[in-house]
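Modelling step: build the complete structure from the supplied sequences, incorporating the hints.
Mapped onto our numbering, the consecutive letters of the sequence shown carry residue numbers 2 to 406.
Just so you know, these hints were derived from the structure itself, not from any lab. One or more hints might be untrue.
Unchecked claim - Pair by pair, the computed Cβ-Cβ distance ranges are:
(1) R265 - R21: 42 to 48 angstroms
(2) L249 - R291: 30 to 36 angstroms
(3) G138 - D233: 37 to 43 angstroms
Remember, predicted model here, so these are calculated numbers, not experimental data. We put the CB at the ideal spot given by N, CA and C, even for glycine.
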Amino acid sequence: MRPTVGIVCEYDPFHRGHARQFALVREALPEARIVCAMSGCFTQRGMPALFAPAFRAQAALRAGASLVLELPCAFAVREAENFALGAVGLLDSLGFVTHLSFGCETANLPLLTRIATLLEEPAPAYTAALKAALAEGRPFAQAQALAAVEAFAQAQASAETDAHPLDADDLAQTLRTPNNILAICYLRALRRLRSPILLLPVVREGAYHAATLDAEGYPSASATRAAYLRGDLPAAEAACGYSLAGALHHPPTALDPALIDLLRRMPPEALRALPDCSEGLENRLQRAARQAATRRELLAALKTRRYAYARLNRLATHALLGVTAQLLRDYPLPPYARLLGFDPADREALALLKQGGLPVLAKAAHGDAQNPLYALDARAYDLWALGAGLPAGLMYRQAPVQPNG
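Here is the structure:
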(Lines of atoms letter the chains of each structure in order from A; the text may use other names.)
(Lines give C-alpha, C1' and ligand atoms only; values in the text may rest on other atoms or scores of the structure.)
Protein backbone atom coordinates (compact mmCIF):
# COMPACT_ATOMS: atom_id res chain seq x y z
CA MET A 2 0.00 0.00 0.00
CA ARG A 3 1.22 3.48 -0.83
CA PRO A 4 2.40 5.67 2.05
CA THR A 5 -0.19 8.23 3.07
CA VAL A 6 0.92 11.56 4.51
CA GLY A 7 -1.51 13.48 6.69
CA ILE A 8 -1.29 17.27 6.89
CA VAL A 9 -3.20 19.41 9.40
CA CYS A 10 -4.07 22.68 7.74
CA GLU A 11 -6.26 25.74 7.30
CA TYR A 12 -5.14 26.90 3.82
CA ASP A 13 -6.72 30.33 4.22
CA PRO A 14 -5.58 30.56 1.49
CA PHE A 15 -3.39 27.78 0.07
CA HIS A 16 -0.16 29.52 -1.08
CA ARG A 17 3.36 28.85 -2.37
CA GLY A 18 4.62 27.87 1.08
CA HIS A 19 2.03 25.11 1.27
CA ALA A 20 2.95 23.97 -2.26
CA ARG A 21 6.57 23.75 -1.06
CA GLN A 22 5.49 21.38 1.72
CA PHE A 23 3.72 19.18 -0.82
CA ALA A 24 6.88 19.14 -2.96
CA LEU A 25 9.09 18.20 0.02
CA VAL A 26 6.71 15.41 1.00
CA ARG A 27 6.91 14.01 -2.53
CA GLU A 28 10.70 14.39 -2.49
CA ALA A 29 10.91 12.31 0.69
CA LEU A 30 8.20 9.82 -0.32
CA PRO A 31 7.73 9.91 -4.11
CA GLU A 32 4.77 7.53 -4.12
CA ALA A 33 2.91 9.12 -1.22
CA ARG A 34 -0.64 10.38 -1.33
CA ILE A 35 -1.55 13.44 0.73
CA VAL A 36 -4.61 13.60 2.98
CA CYS A 37 -5.48 16.96 4.52
CA ALA A 38 -7.38 17.52 7.77
CA MET A 39 -8.59 21.08 7.24
CA SER A 40 -10.46 23.57 9.39
CA GLY A 41 -13.85 24.60 8.06
CA CYS A 42 -15.53 27.98 8.47
CA PHE A 43 -13.61 29.12 11.57
CA THR A 44 -9.90 28.89 12.25
CA GLN A 45 -7.65 28.06 15.17
CA ARG A 46 -6.91 31.73 15.79
CA GLY A 47 -10.61 32.29 16.48
CA MET A 48 -11.57 34.17 13.32
CA PRO A 49 -13.93 33.27 10.49
CA ALA A 50 -11.97 31.89 7.56
CA LEU A 51 -11.64 34.44 4.78
CA PHE A 52 -12.30 31.92 2.00
CA ALA A 53 -14.99 29.25 1.85
CA PRO A 54 -13.97 25.71 2.84
CA ALA A 55 -14.81 24.31 -0.61
CA PHE A 56 -12.60 26.88 -2.34
CA ARG A 57 -9.67 26.12 -0.03
CA ALA A 58 -10.16 22.37 -0.41
CA GLN A 59 -10.15 22.61 -4.18
CA ALA A 60 -6.88 24.55 -4.11
CA ALA A 61 -5.28 21.73 -2.11
CA LEU A 62 -6.61 19.10 -4.53
CA ARG A 63 -5.25 21.01 -7.52
CA ALA A 64 -1.87 21.09 -5.79
CA GLY A 65 -1.88 17.29 -5.48
CA ALA A 66 -3.85 16.26 -2.40
CA SER A 67 -5.93 13.11 -2.77
CA LEU A 68 -8.43 13.86 0.00
CA VAL A 69 -9.45 16.90 2.03
CA LEU A 70 -11.43 16.17 5.19
CA GLU A 71 -12.99 18.78 7.42
CA LEU A 72 -11.95 18.92 11.06
CA PRO A 73 -15.15 19.47 13.11
CA CYS A 74 -15.52 23.04 14.33
CA ALA A 75 -15.28 22.04 18.00
CA PHE A 76 -11.63 21.08 17.38
CA ALA A 77 -10.77 23.70 14.77
CA VAL A 78 -11.33 26.60 17.20
CA ARG A 79 -9.16 25.38 20.07
CA GLU A 80 -5.86 26.13 21.74
CA ALA A 81 -2.85 24.37 20.21
CA GLU A 82 -2.97 21.23 22.39
CA ASN A 83 -6.57 20.26 21.63
CA PHE A 84 -6.47 21.54 18.06
CA ALA A 85 -3.57 19.16 17.45
CA LEU A 86 -5.16 16.31 19.39
CA GLY A 87 -8.39 16.58 17.41
CA ALA A 88 -6.68 16.73 14.03
CA VAL A 89 -4.16 13.96 14.76
CA GLY A 90 -6.96 11.88 16.28
CA LEU A 91 -8.94 12.28 13.05
CA LEU A 92 -6.01 11.24 10.86
CA ASP A 93 -5.06 8.35 13.13
CA SER A 94 -8.64 7.05 13.21
CA LEU A 95 -8.71 6.72 9.43
CA GLY A 96 -6.46 3.71 9.81
CA PHE A 97 -4.32 4.23 6.69
CA VAL A 98 -2.31 7.41 7.38
CA THR A 99 1.35 6.38 7.69
CA HIS A 100 3.08 9.75 8.17
CA LEU A 101 2.34 13.18 9.61
CA SER A 102 3.95 16.20 7.94
CA PHE A 103 4.04 19.56 9.70
CA GLY A 104 5.93 22.82 9.50
CA CYS A 105 8.28 23.95 12.25
CA GLU A 106 10.97 26.55 12.75
CA THR A 107 13.64 24.10 13.91
CA ALA A 108 15.17 20.99 12.38
CA ASN A 109 15.97 19.69 15.88
CA LEU A 110 13.37 16.93 16.10
CA PRO A 111 15.01 15.33 19.19
CA LEU A 112 14.56 18.64 21.05
CA LEU A 113 10.88 18.83 20.07
CA THR A 114 10.45 15.22 21.16
CA ARG A 115 12.06 15.83 24.56
CA ILE A 116 9.81 18.83 25.16
CA ALA A 117 6.72 16.87 24.11
CA THR A 118 7.67 14.07 26.50
CA LEU A 119 8.09 16.53 29.37
CA LEU A 120 4.70 18.12 28.72
CA GLU A 121 2.95 14.75 28.44
CA GLU A 122 4.70 13.34 31.51
CA PRO A 123 5.40 16.46 33.60
CA ALA A 124 8.05 16.23 36.28
CA PRO A 125 7.30 17.77 39.71
CA ALA A 126 9.74 20.58 38.93
CA TYR A 127 7.78 21.47 35.81
CA THR A 128 4.42 21.41 37.58
CA ALA A 129 5.69 23.63 40.40
CA ALA A 130 7.31 26.11 38.02
CA LEU A 131 4.15 26.26 35.89
CA LYS A 132 1.96 27.02 38.91
CA ALA A 133 4.38 29.71 40.06
CA ALA A 134 4.47 31.40 36.64
CA LEU A 135 0.68 31.33 36.33
CA ALA A 136 0.38 32.79 39.83
CA GLU A 137 2.48 35.72 38.61
CA GLY A 138 -0.21 36.43 36.01
CA ARG A 139 1.72 35.21 32.98
CA PRO A 140 -0.14 33.88 29.90
CA PHE A 141 -0.24 30.08 29.79
CA ALA A 142 2.07 29.74 26.79
CA GLN A 143 4.71 31.93 28.43
CA ALA A 144 4.31 30.16 31.76
CA GLN A 145 4.67 26.79 30.04
CA ALA A 146 7.90 27.86 28.34
CA LEU A 147 9.39 29.17 31.59
CA ALA A 148 8.40 25.99 33.43
CA ALA A 149 9.96 23.78 30.76
CA VAL A 150 13.25 25.69 30.94
CA GLU A 151 13.24 25.39 34.75
CA ALA A 152 12.41 21.66 34.70
CA PHE A 153 15.17 20.81 32.22
CA ALA A 154 17.67 22.95 34.12
CA GLN A 155 16.89 21.16 37.37
CA ALA A 156 17.05 17.73 35.73
CA GLN A 157 20.45 18.48 34.21
CA ALA A 158 21.80 20.00 37.44
CA SER A 159 20.84 16.90 39.41
CA ALA A 160 22.06 14.51 36.69
CA GLU A 161 18.56 13.03 36.33
CA THR A 162 19.13 12.74 32.60
CA ASP A 163 22.13 11.61 30.59
CA ALA A 164 20.78 13.25 27.43
CA HIS A 165 22.72 16.02 25.75
CA PRO A 166 22.38 19.23 27.84
CA LEU A 167 19.86 21.75 26.59
CA ASP A 168 20.69 25.39 26.09
CA ALA A 169 18.12 27.48 28.00
CA ASP A 170 18.00 30.18 25.31
CA ASP A 171 17.47 27.61 22.54
CA LEU A 172 14.74 25.92 24.55
CA ALA A 173 12.97 29.19 25.32
CA GLN A 174 13.18 30.28 21.67
CA THR A 175 11.77 26.95 20.52
CA LEU A 176 8.76 27.43 22.78
CA ARG A 177 8.15 30.99 21.58
CA THR A 178 7.52 30.17 17.92
CA PRO A 179 3.99 29.13 16.93
CA ASN A 180 4.81 26.35 14.50
CA ASN A 181 7.23 24.74 16.94
CA ILE A 182 4.51 24.87 19.58
CA LEU A 183 2.07 23.18 17.21
CA ALA A 184 4.71 20.61 16.25
CA ILE A 185 5.23 19.77 19.92
CA CYS A 186 1.46 19.40 20.30
CA TYR A 187 1.36 17.02 17.33
CA LEU A 188 4.06 14.91 18.98
CA ARG A 189 2.14 14.96 22.25
CA ALA A 190 -1.03 13.86 20.46
CA LEU A 191 0.73 10.96 18.74
CA ARG A 192 2.17 9.87 22.08
CA ARG A 193 -1.16 10.19 23.88
CA LEU A 194 -2.98 8.22 21.20
CA ARG A 195 -0.20 5.61 20.99
CA SER A 196 -0.30 6.16 17.26
CA PRO A 197 2.11 4.37 14.90
CA ILE A 198 2.12 7.37 12.53
CA LEU A 199 5.66 8.42 11.57
CA LEU A 200 6.98 11.98 11.52
CA LEU A 201 7.81 13.99 8.42
CA PRO A 202 8.63 17.54 9.59
CA VAL A 203 9.31 20.41 7.19
CA VAL A 204 11.41 23.36 8.30
CA ARG A 205 9.58 26.54 7.36
CA GLU A 206 11.16 29.25 5.28
CA GLY A 207 10.07 32.87 5.24
CA ALA A 208 8.29 35.02 7.81
CA TYR A 209 5.08 33.12 8.51
CA HIS A 210 3.39 36.15 10.12
CA ALA A 211 4.92 38.84 7.88
CA ALA A 212 2.62 41.79 7.24
CA THR A 213 3.81 42.31 3.67
CA LEU A 214 4.35 39.99 0.75
CA ASP A 215 7.83 39.21 -0.54
CA ALA A 216 7.72 38.48 -4.25
CA GLU A 217 10.89 36.37 -4.01
CA GLY A 218 10.27 34.36 -0.83
CA TYR A 219 7.48 32.28 0.61
CA PRO A 220 4.38 34.27 1.62
CA SER A 221 2.51 34.33 4.89
CA ALA A 222 -1.20 33.58 4.93
CA SER A 223 -1.89 36.77 6.89
CA ALA A 224 -0.09 38.95 4.33
CA THR A 225 -1.89 37.18 1.50
CA ARG A 226 -5.25 37.79 3.14
CA ALA A 227 -4.34 41.43 3.75
CA ALA A 228 -3.43 41.93 0.08
CA TYR A 229 -6.70 40.38 -1.03
CA LEU A 230 -8.76 42.47 1.38
CA ARG A 231 -7.18 45.76 0.32
CA GLY A 232 -7.92 44.90 -3.30
CA ASP A 233 -4.37 44.01 -4.41
CA LEU A 234 -5.51 40.93 -6.29
CA PRO A 235 -2.31 40.56 -8.39
CA ALA A 236 -0.13 40.37 -5.25
CA ALA A 237 -2.46 37.90 -3.53
CA GLU A 238 -2.68 35.71 -6.62
CA ALA A 239 1.11 35.77 -7.05
CA ALA A 240 1.43 34.50 -3.48
CA CYS A 241 -1.07 31.72 -4.15
CA GLY A 242 -0.17 30.77 -7.69
CA TYR A 243 -3.76 30.61 -8.88
CA SER A 244 -6.75 32.90 -9.48
CA LEU A 245 -8.69 34.35 -6.55
CA ALA A 246 -11.11 36.25 -8.77
CA GLY A 247 -14.69 35.59 -7.75
CA ALA A 248 -13.72 33.48 -4.74
CA LEU A 249 -16.48 33.15 -2.16
CA HIS A 250 -15.21 34.98 0.90
CA HIS A 251 -16.27 36.28 4.30
CA PRO A 252 -15.24 39.84 5.33
CA PRO A 253 -13.43 39.55 8.70
CA THR A 254 -15.65 42.08 10.49
CA ALA A 255 -18.98 40.97 9.01
CA LEU A 256 -20.16 39.21 12.18
CA ASP A 257 -18.97 41.88 14.64
CA PRO A 258 -22.46 43.35 15.27
CA ALA A 259 -23.94 39.90 15.89
CA LEU A 260 -21.11 39.04 18.29
CA ILE A 261 -21.37 42.25 20.32
CA ASP A 262 -25.16 42.07 20.52
CA LEU A 263 -25.01 38.45 21.69
CA LEU A 264 -22.41 39.17 24.38
CA ARG A 265 -24.43 42.09 25.70
CA ARG A 266 -27.44 39.83 26.13
CA MET A 267 -25.75 36.74 27.55
CA PRO A 268 -26.30 36.29 31.33
CA PRO A 269 -23.23 35.72 33.55
CA GLU A 270 -23.97 32.02 33.97
CA ALA A 271 -23.95 31.53 30.19
CA LEU A 272 -20.64 33.38 29.92
CA ARG A 273 -19.16 31.24 32.70
CA ALA A 274 -20.15 28.12 30.76
CA LEU A 275 -17.89 29.14 27.85
CA PRO A 276 -14.58 27.28 27.43
CA ASP A 277 -11.67 28.86 29.27
CA CYS A 278 -13.84 31.58 30.83
CA SER A 279 -12.88 31.65 34.50
CA GLU A 280 -11.42 33.81 37.26
CA GLY A 281 -14.02 36.50 36.74
CA LEU A 282 -13.31 36.84 33.03
CA GLU A 283 -17.06 36.61 32.37
CA ASN A 284 -17.55 39.93 34.19
CA ARG A 285 -14.82 41.64 32.17
CA LEU A 286 -16.35 40.18 29.01
CA GLN A 287 -19.79 41.54 29.78
CA ARG A 288 -18.47 44.99 30.67
CA ALA A 289 -16.28 45.15 27.58
CA ALA A 290 -19.18 44.14 25.32
CA ARG A 291 -21.23 47.08 26.60
CA GLN A 292 -18.45 49.49 25.65
CA ALA A 293 -17.23 47.95 22.39
CA ALA A 294 -18.82 48.13 18.96
CA THR A 295 -16.40 45.78 17.16
CA ARG A 296 -14.46 42.61 17.90
CA ARG A 297 -11.21 44.56 17.79
CA GLU A 298 -12.45 47.01 20.41
CA LEU A 299 -13.72 44.13 22.51
CA LEU A 300 -10.36 42.35 22.49
CA ALA A 301 -8.48 45.57 23.24
CA ALA A 302 -10.69 46.13 26.30
CA LEU A 303 -10.19 42.54 27.49
CA LYS A 304 -6.44 42.22 26.87
CA THR A 305 -4.25 41.92 29.95
CA ARG A 306 -0.90 40.33 30.67
CA ARG A 307 -2.66 37.07 31.57
CA TYR A 308 -5.08 36.90 28.64
CA ALA A 309 -3.48 36.55 25.22
CA TYR A 310 -5.31 37.82 22.13
CA ALA A 311 -5.64 34.33 20.67
CA ARG A 312 -7.34 33.02 23.82
CA LEU A 313 -9.73 36.00 23.88
CA ASN A 314 -10.45 35.70 20.17
CA ARG A 315 -11.40 32.04 20.57
CA LEU A 316 -13.53 32.93 23.58
CA ALA A 317 -15.48 35.45 21.50
CA THR A 318 -16.00 32.90 18.73
CA HIS A 319 -17.09 30.23 21.20
CA ALA A 320 -19.73 32.65 22.47
CA LEU A 321 -20.87 33.40 18.92
CA LEU A 322 -21.13 29.69 18.08
CA GLY A 323 -22.69 28.65 21.39
CA VAL A 324 -19.79 26.37 22.35
CA THR A 325 -19.64 25.37 26.01
CA ALA A 326 -16.87 23.85 28.09
CA GLN A 327 -19.12 20.85 28.73
CA LEU A 328 -19.54 20.19 25.01
CA LEU A 329 -15.78 20.07 24.56
CA ARG A 330 -15.42 17.71 27.53
CA ASP A 331 -18.08 15.44 26.07
CA TYR A 332 -16.16 15.05 22.79
CA PRO A 333 -12.42 14.67 23.44
CA LEU A 334 -11.84 13.35 19.89
CA PRO A 335 -13.70 13.74 16.58
CA PRO A 336 -16.32 11.00 16.12
CA TYR A 337 -16.61 11.72 12.37
CA ALA A 338 -15.16 13.77 9.53
CA ARG A 339 -16.76 15.39 6.51
CA LEU A 340 -15.40 14.87 3.01
CA LEU A 341 -14.73 18.32 1.54
CA GLY A 342 -13.08 17.12 -1.63
CA PHE A 343 -11.30 14.26 -3.40
CA ASP A 344 -9.24 13.44 -6.45
CA PRO A 345 -11.22 10.84 -8.43
CA ALA A 346 -7.96 9.56 -9.93
CA ASP A 347 -6.98 8.10 -6.56
CA ARG A 348 -9.61 5.39 -6.31
CA GLU A 349 -7.66 3.53 -3.66
CA ALA A 350 -7.96 6.52 -1.30
CA LEU A 351 -11.73 6.54 -1.65
CA ALA A 352 -11.85 2.80 -1.00
CA LEU A 353 -9.67 3.19 2.09
CA LEU A 354 -12.03 5.83 3.45
CA LYS A 355 -14.85 3.33 3.40
CA GLN A 356 -12.76 0.71 5.21
CA GLY A 357 -11.41 3.03 7.91
CA GLY A 358 -12.49 3.22 11.53
CA LEU A 359 -13.80 6.80 11.35
CA PRO A 360 -17.15 7.61 9.71
CA VAL A 361 -16.48 10.00 6.82
CA LEU A 362 -19.57 11.78 5.55
CA ALA A 363 -19.70 12.54 1.83
CA LYS A 364 -23.01 14.37 2.16
CA ALA A 365 -24.03 16.67 4.99
CA ALA A 366 -27.45 15.02 5.05
CA HIS A 367 -25.75 11.79 6.17
CA GLY A 368 -24.76 13.36 9.50
CA ASP A 369 -26.78 13.28 12.70
CA ALA A 370 -28.38 16.71 13.00
CA GLN A 371 -29.24 15.94 16.65
CA ASN A 372 -25.61 15.40 17.55
CA PRO A 373 -24.43 18.61 19.33
CA LEU A 374 -21.07 18.45 17.56
CA TYR A 375 -22.70 18.15 14.15
CA ALA A 376 -25.22 20.86 14.97
CA LEU A 377 -22.27 23.10 15.83
CA ASP A 378 -20.76 22.48 12.40
CA ALA A 379 -24.02 23.44 10.72
CA ARG A 380 -24.26 26.58 12.89
CA ALA A 381 -20.70 27.54 11.95
CA TYR A 382 -21.58 27.27 8.26
CA ASP A 383 -24.74 29.31 8.74
CA LEU A 384 -22.87 32.08 10.55
CA TRP A 385 -20.15 32.11 7.92
CA ALA A 386 -22.82 32.28 5.22
CA LEU A 387 -24.50 35.18 7.02
CA GLY A 388 -21.25 37.14 6.97
CA ALA A 389 -20.79 36.33 3.29
CA GLY A 390 -24.32 37.48 2.46
CA LEU A 391 -25.67 33.99 1.76
CA PRO A 392 -28.77 32.17 3.01
CA ALA A 393 -28.61 29.51 5.71
CA GLY A 394 -28.00 25.85 4.91
CA LEU A 395 -24.59 26.29 3.23
CA MET A 396 -23.19 23.06 4.69
CA TYR A 397 -26.07 21.08 3.21
CA ARG A 398 -25.74 22.70 -0.21
CA GLN A 399 -22.01 22.11 -0.57
CA ALA A 400 -21.07 18.83 -2.28
CA PRO A 401 -17.50 17.49 -2.18
CA VAL A 402 -15.32 19.26 -4.72
CA GLN A 403 -12.84 17.81 -7.22
CA PRO A 404 -9.63 19.30 -8.61
CA ASN A 405 -11.22 20.48 -11.84
CA GLY A 406 -14.92 20.45 -11.02
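- Outcome for the supplied range 42 to 48 angstroms, where the beta carbon pair is R265 and R21: Holds, since R265 and R21 (Cβ atoms, about 45 angstroms apart) stay within the stated range.
- Message: Between the beta carbons of G138 and D233, is the distance compatible with 37 to 43 angstroms?
- Response: holds (41 angstroms)
- Is it true that L249 and R291 lie within 30 to 36 angstroms of each other by Cβ? holds (34 angstroms)
Consistency with the previously given hints is maintained throughout, with no hint failing.
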